[in-house]
Amino acid sequence: MKFAVIRFPGSNCDQDCVLALNNLPGASADFVWHKDTSLADFDAVVVPGGFSYGDYLRCGAIARFSPIMQTVKTFAASGGTVLGICNGFQILCESGLLPGALVRNKGLHFVCKHQHLRVESTGSRFTRTATKGQVLNIPIAHGEGCYFADDATLAALNANDQILVRYCDAAAQTSDAANPNGSRENIAGICNETRNVFGLMPHPERACDPALGSTDGLVIFDSLLKC
Amino acid sequence: MKVLVTVLPKPSVLDPQGAAAAEAIRHLGLTGVGRVRIGKVIELELPDATPDSEIHRIAKDLLSNPVIEDYSISKS
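Order-wise, the sequence lines are chains A and B.
Sequence positions in the first sequence follow my numbering and run 1 to 227.
Sequence positions in the second sequence follow my numbering and run 1 to 76.
Any given hint could be a false lead.
[To be verified] Calculated from the model, a selection of chain A residues having no Cβ within reach of chain B, i.e. all distances over 10 Å:
1) Asn12
2) Asp16
3) His34
4) Lys35
5) Ala40
6) Arg58
7) Gly107
8) Leu108
9) His114
10) Thr129
11) Lys132
12) Gln134
13) Asp150
14) Asp161
15) Ala177
16) Thr215
[Stated by the list, open to error] Taking beta-carbon pairs under 7 Å as the criterion, some of the chain B residues facing chain A (in silico):
17) Leu14
18) Pro16
19) Ile25
20) Asn65
21) Val67
22) Ile68
In short, the hints are calculated from the structure, not lab data.
Each residue gets a CB set at the ideal place from its N, CA and C atoms; glycine is no exception.
I would like the entire structure built from these sequences, with the hints used as guidance.
Here it is, written out as structure tokens:
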């Protein structure tokens, strides 16, 4: 499976993603520049973390208009796999590929730490090798990761089983204390209705090597490779 | 003409910056302060003949995110 890792001016997790993916048997990854317009050689797209276009105006607001994102939209509309991590999640929301938006953390601070997540649904190509209720330990690093959607959107996300991961504590409890940024319903990551686009604030690519303290991020990439 | 676009978070969206500023105002001794919202103001220079629909398109599609923000427009 060949992954395109989109590189915007200001992306800073693009190399981590390519490194993590190239270490996986059956996967290869390459950079795709934001001014490119073709994804013809690729099976899946990763929109990585960072500060695309300096996060001017709003996180992801300018990246949405880049040439490659028009191609990513077409790719997603035809059922292609798109994974947005951190700033990538913000870009997918701004692009309308995922519902809702990410706003300033409730505590105002940039939060950078390991965080427990609970797998809420295994009914997606991103979580199929996980078990429901499984607790993952994956780093977060963001200032604008507070997920917001209106009540109607939240109800639809729940009804359609689109919430794939929630913030929790080590005992899998999704309490306010385990919510690092004030996200509604402790939401850490959601997929679209057709379940081929997934965005999450945590960084699975930073949890793929024992040297980094956790390999729990592998479950997401392994799930994709077992498509 | 100059156009000012004011963007503010929707009332339903958490605005921790506004809450922090409200608390700071109380520390100034002004206990009567209510809700404080922090947004942004964007000044645009546009041809005088620019139709309102174009200005709204800029404000709605780029300068604000309708999921979390409202905007208003004033011309001078």
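Item to complete: With 10 Å as the threshold, tell me whether Gln134 (chain A) passes as away from chain B on beta-carbon distances.
Response: The claim stands: Gln134 (chain A) keeps its Cβ more than 10 Å from every Cβ of chain B (closest is about 29 Å).
Fill in: Evaluation of the interface hint that places Val67 (chain B) against chain A, nearest CB under 7 Å
holds (4 Å)
Item to complete: Using 7 Å as the Cβ threshold, decide whether Pro16 (chain B) counts as touching chain A.
Response: holds (5 Å)
Worksheet entry | Reported absence of Lys132 (chain A) from the contact zone with chain B (all CB gaps over 10 Å) | holds (29 Å)
Discussion item. At 10 Å, judged by beta carbons, does Gly107 (chain A) keep clear of chain B as stated?
Written reply: Violated: least Cβ distance 7 Å, not greater than 10 Å.
Fill in: Check on Asp150 (chain A) being off the interface with chain B, judged by Cβ distance over 10 Å
violated (7 Å)
Practice prompt. Return the status of the interface hint for Ile68 (chain B): holds when the least beta-carbon distance to chain A is below 7 Å, violated otherwise.
Written response: At 5 Å from the nearest chain A Cβ, Ile68 (chain B) passes the 7 Å test, so the hint holds.
Worksheet item: Can we confirm that no CB of chain B comes within 10 Å of the CB of Asn12 (chain A)?
Response: holds (23 Å)
Discussion item. So, as I understand it, the hint says Leu14 (chain B) touches chain A; can you test that by seeing if any CB pair is closer than 7 Å?
Written reply: holds (6 Å)
Practice prompt. Beyond 10 Å from every chain B Cβ: check whether that's true for Ala40 (chain A).
Written response: holds (28 Å)
Item to complete: Over 10 Å to the closest beta carbon of chain B is the bar; see if Thr215 (chain A) clears it.
Response: holds (34 Å)
Discussion item. Confirm or reject: Asp16 (chain A) is not an interface residue toward chain B, with every Cβ-Cβ distance exceeding 10 Å.
Written reply: holds (27 Å)
In terms of the numbered hints stated before, the structure departs from hints 6, 7, 8, 13 and 19, listed from lowest to highest.
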